[in-house]
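Undergrad: If you follow the hints, you should be able to join the two separate chains into one complex; please do so.
Going down the list, the sequences are from chains A and B.
Going letter by letter, the first sequence gives residues 1 to 248 in the UniProt record's numbering.
Going letter by letter, the second sequence gives residues 1 to 360 in the UniProt record's numbering.
Careful, some of the hints might be misleading.
Unchecked claim - Simulated pairs of lysine-lysine, BS3-like, Cα-Cα distance not exceeding 27 angstroms: (1) A:207 x A:125; (2) A:217 x A:239; (3) A:207 x A:32; (4) B:259 x A:32; (5) A:125 x A:113; (6) B:259 x A:125; (7) A:239 x A:207; (8) B:66 x B:321; (9) A:207 x A:129; (10) A:113 x B:316; (11) B:259 x A:138; (12) A:129 x A:32; (13) A:129 x B:259; (14) A:32 x A:125; (15) B:66 x B:316.
If you are wondering where the hints come from, they were derived from the structure by calculation, not from laboratory data.
Just so we're clear, the structure is a prediction, and the values are computed from it rather than from any experiment.
Each chain, letter by letter, is given below.
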Amino acid sequence: MDLNAPAIDIRDLNKFYGSFQALRGISLTVRKGERVVVCGPSGSGKSTMIRCINQLEEHDSGDIRVFGTLLDDSLGSIDEIRREVGMVFQHFNLFPHMTVLENCTLAPMLVRKTPRAEAERVALKYLEKVRILDQAAKYPGQLSGGQQQRVAIARALCMQPEILLFDEPTSALDPEMIAEVLDVMVALANEGMTMICVTHEMGFARKVADRVIFMDKGEIVEEAPPAAFFGKPQNERTKLFLSQVLGH
Amino acid sequence: MTAALHTPRNVVWKRLRRDYFGTLPSALMTFASFAVLLALGGWVLNWAVLDATFSATANQSDCAAKGGACWSVIAVRWRVILFGIYPYAEQWRPALACMVVAAVIILSCLPRMWSFRRLALTWVLGTGVFYGLMRGGILGLTLVNEQQWGGLPLTLFVFVATGVIGMPLAIVLALLRRSELPVIARVTGWIIDTIRSLPLLSILFTAAIVLPFRLPGFLIGEKLYRVIFGAAVFFAAYQAEIIRGGLQGIQRGQEEAAKALGLTYWNRMSRVVLPQAFRLALPATINQFVVAFMETSLIVVVGFIELLAAGNTAYKTGEWKFAYVEVYAFVAAIYFIFVFGLSRYGAFLEARMNAGHRKD
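Bound conformation, chain B alone (with noise of 0.2 angstroms):
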């Protein structure tokens, strides 16, 4: 990066033309994948842009004149994408849990938060702030049952319960299969196995509609959690094997000159081995974390309106039929926010793990 800063001018144009313009072929090919990109770009700026209609008061015919995006429909019914079937006058409070939330995130993400107390601090007062404020019944706060929570919160409060509960269940799955005990190890193989032979659907469905049959009525619990639990322990499982795989990847002497210093089982996995081990699997955890938000989708089939249900329900309605493709952009939008900014985040974690190691 920063060499390239440096670079003369000339240098540049130079090696612009060396790998661009060094062949007729590769002329043509530069050329030809840039009108592409050009034409692509323009048809999109237009469409979204230029020849689209924004007004909240527009109609069909209105932006049908226009011939582009008819971003009207966001206009109108934007609460009902992210907040579902909120009851409308409280949409107040899931709007400032999704900021709890983010807040909850961001804070998590600076390393000088990252210690035990003041990440646990974090999070439970966090997750305290996000429950009150959603579920009310507190503080003259009215009663809004987990049935009713919906959109971006659903979806924001499902992926962080899944990480929370089920990265510690992860760390501990990954060390009871490396144990030396091998009745231990093997069992707990069979168990990370078993669960990731199983589809995400129909452990959702058993969590949402079979486990009641079958717990005593004191740990059924309400059906939003139990799902949140099934999607935990389906991220565990896959969790799991990823460190198991940064495990793998550091020599034995790290543990035996952590063993010959003294140091506890806990100690010198949480001082020396695990932080090591998640710096190695660095790259597929954040692809995990990725696959995992989207998976939030999935629990619509149980009845819950997330981020994206809330979507269809925001078109499905009578006048704003014709608009899907300005929804589900919409949608994708918030989605590429969130996705992209966990995937950036990575790329910073990665470079700084990797500034101590550079020889220099």
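This is chain A alone, in the form it adopts within the complex (with noise of 0.2 angstroms):
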């Protein structure tokens, strides 16, 4: 791990299911600190290339450089990327048969070793800075769908990662509760943390992002800061996922 080194570093990634080609060359590279933020159509691409990254899914040919460890098919650049990495997803996937706290605890005791009392105090910390600390006792089925992704978002806080990915963590949610979950996404952006969000959620990308990067059919499509975005998309592509996203 080589903090100095660009926090992602993607090149000319390919991964086919079967004749599928999902992704067609993908170049990305984001920087330590950087809000990107990941849209497109459905079946774009954009939820395989950020699970390539943590190698949920395995990736077919290019390179991924997480601060300068390449991911190749060895355990350990598996391992130690995980380590930094974390991920919230769109169904959350809290461990049901575990309080909100055990949930938060497991992988920082068994990951990185940390003593219980050390590791519930952090979880206590994040589950508090996501607001839902009275819950800390509760198991997940007991929560509201936003509730249980500020869980998810605290858990993966838990292994103080330096990377967080996102993976359309507002789209199985009922609309009162996107909010209180982007507020949390919000605050996380603004202590500069390195992000990476699929989402559908324009607001979002307008208000924290740096870039905005556009995918279509596998590939990047255009890639720019919001302003730039929102207000002159380059490609007709671009500007028609824009106005249908943004149309009514």
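TA: Next up, the structure:
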């Protein structure tokens, strides 16, 4: 791990499902502290791309480097990268048989070998940060969707990762719960967390993104700072997508 | 349960009337079923208690005079039923051994004992004490070979050993069957399907009688342990499929979340995936244990006098030949105690595991 290297450096990434090519020559560099929003129509490969970064999906060719560490087939490099890259999922994926607090302390205790008392102290700190401290003893099934997603963010933060990946974190939420999750994400962004967010929340992109990336059919079609991206989109496909997302 | 307790009496009465006496046919059905139950219950009570003979000194004609059950056979022969052909003077040892096994089972059922170290310690200690008591040859206890073990301790030992060896084997088989490497997954599938397509009897026969001709001498070991190994492999093949069913009920996101947090394969399985799989597989697992308990009686065919066979020997000698119903009722009661306990424990586990998933 070299914290001076780019946080994420992707070169010419290709990914196939059978004969279907999900990613076509993706190249992307994310600096430490940068907030990148990835958008695009469904099936455009945006989730697949960020899932390649922590190897929930194996890529077929191309290089992925996280803080200079090359992801190769060795288990060592995958473990090293997963320790530094947290992920928040569309469907929360909290462990239903553990309390909120146990969800948050599991990985630090097993992976970082943090003593229980210290792990719980850190967990309570982050649960307070996502404003859900009073639910620490409950089970995920007893919480609302928005609360569960905030716990999932706290769980990822407890590993004290350098980078957070968000895979459509608000897509499975009822409308009235989206704001509470976005608030937490905005707060994280303002603290300088390196973030890659796959999301359709264009308001969030405008507010916090350093760069917006538009993907379609497995390619990066356009990338620009939010002002330029929303103000003067260059590509026809981008314009079409934006008119569909913002048009009503 | 609690809701029913708080329901006012007149509401309960109203519900009873509506559900059981609502229409003429349903009222007739209720009366008819009630009459049958009453008659059956009365008959069993008369036979088993009121007209029964309990004295250990009574004989066949004394029992016949009273007309009911002749429990004298149990009073006289209970040690044969419980301990088989174990030397008479030493039978305090299997009695104590049974209590040790029961204690170990009860201890491992308590949630506060569920850590690897505590369970392992309990089981190693328990098995050691059981084995020492039963076999002897140490601490001045006379040596009693496995061939002379019998009755309840043998049944319990075979059952517990089958579970203790079979369950970890089942977990390994289930995990191998869903391996990402197709060769391993397929070969494991074949192994499981092959074992499941063989009758347990043939496996026990093979283990007891055929294997010694094929194995090198140092691997043969005592017949009892070969038979237990066979039963455990059979148990594992079925239990592996039960666990696989549980694994299939878990959303893929669970393992992905554990991966994303950096957990190793064993931590993902032992902390995230298997606990949830076992929760889903619990009813079928309890069922499998109940079946395994019943199937211990099959080892009689390779010459072991387990509980049921010991019951057979208890009434087949001379004067008690007429009293087989009483002996079987007694043996059935022992099986019932264990299996009913197992089922209730399963229900307790289910309630406990569901507690966390309920919305409040």
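Undergrad: Please go over all the hints and tell whether each is borne out by the structure.
TA: Structure-based check of all given hints:
no. : hint          : verdict
1   : A:207 x A:125 : holds, 26 angstroms
2   : A:217 x A:239 : holds, 15 angstroms
3   : A:207 x A:32  : holds, 19 angstroms
4   : B:259 x A:32  : holds, 23 angstroms
5   : A:125 x A:113 : holds, 18 angstroms
6   : B:259 x A:125 : holds, 23 angstroms
7   : A:239 x A:207 : holds, 20 angstroms
8   : B:66 x B:321  : holds, 18 angstroms
9   : A:207 x A:129 : holds, 20 angstroms
10  : A:113 x B:316 : violated, 64 angstroms
11  : B:259 x A:138 : holds, 23 angstroms
12  : A:129 x A:32  : holds, 22 angstroms
13  : A:129 x B:259 : holds, 24 angstroms
14  : A:32 x A:125  : holds, 24 angstroms
15  : B:66 x B:316  : holds, 23 angstroms
Checked against the numbered hints given earlier, the structure breaks only hint 10 and satisfies all the rest.
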